[in-house]
Amino acid sequence: MSKFAKKKDGDLPAVSTASLPDIVFMLLFFFMTVTVMKDSSLKVENVLPNASEIKKLEKKDRVIYIYVGKPTQEYEKVFGTEPKIQLNDKFAKPAEVGDYILGERAKKAQELQNVLTTALKVDKNANMGLISDIKHELRKVNALKVNYTTYEGDAFRNIQ
Amino acid sequence: MPRRAGAPEVNAGSMADIAFLLLIFFLVTTTIETDAGLDRMLPPIEPPETDVIIKQKNIFQVNINKNGQLLADDELVNLKDLRTKAMAFLDNGGAPSGSPDYCSYCKGKRDASSSDSPAKAIISLKNDRETKYATYITVQNELVGAYNELRNREAKRLYGRDFTDMEAEYLNPETAASAKEDLKEKVKRIQELFPQKLSEAETSTN
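Protein chains in written order, with our numbering: chain A, 40 to 199; chain B, 47 to 252.
FYI, nobody ran anything at the bench for these hints, they're computed from the structure. Computed from a prediction, not measured in an experiment: that's the story for all the values here. Hints may contain errors.
[Claimed, not checked] No more than 16 Å apart at the CA atoms, straight line, and that leaves these computed lysine to aspartate or glutamate pairs for EDC-like:
(1) A:K94 to B:E213
(2) A:K160 to B:D81
(3) A:K94 to B:E195
(4) A:K99 to B:E195
(5) A:K95 to B:D211
Let's have the full structure, built from the sequences with the hints guiding it.
Structure (structure tokens):
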């Protein structure tokens, strides 16, 4: 009869996993806070050109996106191979851009309505004619701040 | 006999599994990267009430045709030389000393037949409807690059750091308000030395 029970030798104590949920929750909250959900799926090819003198687009809530490019393969049969404009999940004509901008602008908070930027995500093989039409529409609804979204890189790679 | 012990403990062993499931979901849907690109202002649609008369020598005309060739001030130029040409034009400072437009910080040739001062110099960009977007962006990039290089030069001289750095810090929402106030002044000053006057005319249809 001993006062101190003898340790069973050769038996490692199990690592406590009680704090595992805490660690996982910590990570979970991190990702929950930084997550921005993808809001529209692309229906056009969208390989952006490169540029080096770029500025970051801060504050996503102040940005309206317009996508331009050739319809992807599954839409090619219906919409052809000429570059098209995509607004919020559907193809659109240049004349619809103005209404779209006004609609999106009305959805934003009052104090943001004057500081909105239009981000043009245009495929590098698109023609300037379509872009000019879009720019004209933007000017009509007084959405003058635009951002030509690009990748960061050497601009001369565009013309090879 | 009534039970004496309290409510039985809930087994929390599967908590980690549930948390992992959520974690993986958010991991997959996350996009952290922010978009970046060239910022531009479009001209307002209603024409200015008073017609401003601009001297021909203060305009640097850049034309892009449908094959991606460049015509700058009536001569064919290579895209790679555009930045140097634009910088030479902007930095020219042709106004004679003593005139109100005299540019004291210009380091150009002071050629009387080119631009008077950076404040007067205008770059006009024209493109064809068939021009490729990629070419257009490259040209825009070079022209913005010309402005940025000149602004960097002046910012280095006055404040000992690059203008692009200062502007990025100023626009960054994480910058402290006091630092922002200080930067605002500096950024504005440099922007006034070389104001970005890049006009985009209507696209030609032929």
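Outcome of the hint check:
no. : hint            : result
1   : A:K94 to B:E213 : 9 Å, holds
2   : A:K160 to B:D81 : 10 Å, holds
3   : A:K94 to B:E195 : 15 Å, holds
4   : A:K99 to B:E195 : 29 Å, violated
5   : A:K95 to B:D211 : 12 Å, holds
Checked against the numbered hints above, the structure breaks only hint 4 and satisfies the rest.
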